[in-house]
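Chemist: As a plain string of letters, each chain reads:
Protein chains: 2
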Amino acid sequence: MAMKKKPVTGMKDILPKEMEIRSYVMNQIRETYQTFGFTQIETPAVEHIENLSSKQGGENEKLIFKILKRGEKLKLAEAGSEADLVDSGLRYDLTVPLSRYYSNNANDLPSPFKALQMGNVWRADRPQRGRFRQFMQCDIDILGDNTNLAEIELVLATTTLLSRLDFRGFSIRINDRRILKAMAAWSGFPEESFDTVFIILDKMDKIGLEGVSEELIAEGFARETVEKYLGLFKNIGSDVEAVKSLGETLKDVLKEGVAENLQAIIQTVDSVKTGDFKMVFDPTLVRGMSYYTGPIFEISMDEFGGSVGGGGRYDEMIGKFTGNDTCACGFSIGFERIVMLLLERGYEVPGTSVKKAFLLDKNLPQEILENVFREAAEERKKGVQVNITAMKKNKKFQKDQLTQEGYTEIKEFFRN
Amino acid sequence: MAMKKKPVTGMKDILPKEMEIRSYVMNQIRETYQTFGFTQIETPAVEHIENLSSKQGGENEKLIFKILKRGEKLKLAEAGSEADLVDSGLRYDLTVPLSRYYSNNANDLPSPFKALQMGNVWRADRPQRGRFRQFMQCDIDILGDNTNLAEIELVLATTTLLSRLDFRGFSIRINDRRILKAMAAWSGFPEESFDTVFIILDKMDKIGLEGVSEELIAEGFARETVEKYLGLFKNIGSDVEAVKSLGETLKDVLKEGVAENLQAIIQTVDSVKTGDFKMVFDPTLVRGMSYYTGPIFEISMDEFGGSVGGGGRYDEMIGKFTGNDTCACGFSIGFERIVMLLLERGYEVPGTSVKKAFLLDKNLPQEILENVFREAAEERKKGVQVNITAMKKNKKFQKDQLTQEGYTEIKEFFRN
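Residue numbers (my numbering), protein chains in the order written: chain A, 1 to 416; chain B, 1 to 416.
No copy is singled out in the list; a pair is fine if it fits within one copy or between any two copies.
With a Cα cut of at most 30 Å, we get these calculated DSS-like pairs of lysine-lysine:
id	residue 1	residue 2
1	LYS362	LYS244
2	LYS12	LYS69
3	LYS320	LYS5
4	LYS228	LYS206
5	LYS75	LYS12
6	LYS411	LYS273
7	LYS244	LYS234
8	LYS234	LYS251
9	LYS181	LYS362
10	LYS5	LYS73
11	LYS228	LYS255
12	LYS4	LYS62
13	LYS62	LYS75
14	LYS6	LYS55
15	LYS69	LYS55
16	LYS382	LYS278
17	LYS73	LYS62
18	LYS320	LYS4
19	LYS4	LYS69
20	LYS228	LYS181
21	LYS69	LYS6
Since the hints were derived computationally from the structure, they do not count as laboratory data.
Construct the entire structure; sequences and hints are all you get.
Modeler: Rendered as structure tokens:
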């Protein structure tokens, strides 16, 4: 019986060229983040269905690949609904498993704990170009640090990594969920409408101030409120001064220190950064997940019309999961997008080793054969890639192929 | 609602110490195998249920984690059996996905194709100490080479890797499925009983020649046949000469060249090897999977009472899957066992970088703060791990902890 040749819907086989870049990027991530004191950990791909359905995952909880119970636990005849059939699922992110991991192992971990995770996640999303149902996520999280040292380190680590991968001229946009809320409150929106307001605000870069205004009014909000709100965004800068003046405007509805905290993060990153990027204050930055409690950030690149990573502070999430309050702050880079951008650029992985092919004639005498392997061992010890392979009838074709694959030296061995 | 803290049954959280070793071993694997011309590839963790149930996977097909259909495709009310509910499952090995990958992408791959795969596989095995339901497999396979260069390269690559990881004094046992069968045929066992005979023979190292004899007789085989068979194993050596003399004995039932091929592999590996290991002929080596068609091999280590890897030639499997005959030979190392052995030894990953901790007093003036990050950036550029963290009230405890974690230098920064 012939098998199905294509991968399952929405997932992909990774070919050698892409794999080389993925592997290189993963090593750069590991090495760079390690110098910032992050420690790599791993959780199983399979997670309890209860943990995946705890409402912290938002829309992703609708996209779970669920795993059937096994053996006697599967009672098909008695099953009234899907929930009776499954006991686990594939993780849809690395944050839910991190919460579980931390509560399971906190006694064996330092405090604060700086975690690096690289791993696949699965979402049964509608398949579309460039988005896959299995993809790699790469998160750094600092658990147990309530100072802005966490935010600064996360931004510096991420931007150092991107610079090492030759990305230039990108922006780190930053905002604070508390400023976002204060702006809405100051303008007169009721608290229960904030999420609706933010979903519309999030479209600012696509539909502009006018478009946002129209949609807010169409949603039924008072024109006066909308105008007061959008007035805040007019002529606002993207630097420390903008945060300062906005902080003064909002001082009656904003907790003391919030604006100053954001100023300190922007100013510090701006003055100590080594990469070619801008740190910009963006009061329209929303970030989808409602679990964020403080500063939020996102990476924007002109060559890619969308976010290539983001994160923020989420001080309340782990406590909700585990029962123990733990402040936390994380930054996730869009691994798949970064790999895609590098592939599109024709990125060549630096420092790849010399490739030599040894073509062996049939029935070489034992002595010559042994000398071939000894010579190869010497080369390999020096890091040279040696491909020992049987000489084919169509030798010209074989040699052309090897040259195309990057073999710069092709050596032939014959019976004398 | 508090979440479940433990990982799902049979799976594990990987703590920083183990992760460091895993990561190092993975890099050693990648680097070493690369010098032998292997190219890394990856397939999705999720595979078509049809491909996983094609009978090539043997007993593993009973251990599949199956994935529920989604959306409208799931018709619970109409489902008569488990098969109606699932469309895919988690891969239980890397060989089935490799077959699919090769038939899907052969046009874009060189021939012969030397593939390296490192990836998790899942088996719903009975949980037991040291065996997990998610574990890493690491396979190298050469597809499209029908010469023994493939076997020799696989053994040399694997033993070079083990030597780099400081393993000494291990053995590579080798046999050939065709010799195994010829010995049984020569003794008078009917072909349909071979599998039964081999299952008993496989216990030789545990129950000895006497025990094997008793079990074969208890199974109903003629005493004469059993004695003739076991006579072959008596006084047989483990070197090239043993293969030669056995080949002569079996010449009426053994295809010409099979013994000579095995001799050449043993002799070549023996004379060109650089690591501290023995290559031994072992006529009792069976390897479970019936898909092997030629030479088979296994790694034995005294410090671990069992196999830490194995493989062999399987020239007919890919054709059965894909409809196109493709000769193939592979070697899989027991990644989890190797990591376990290194952990038990207290293995220290070589070349780990210097670790420095910077403790920051509260509310440092902006100027000092910036200098701290600049100093850290300089150190990090040199590869030093710098952990910037807020100074705690119990500074002595904090510093003791950091020292325990391997921070050799702790620097404190205060408001002046």
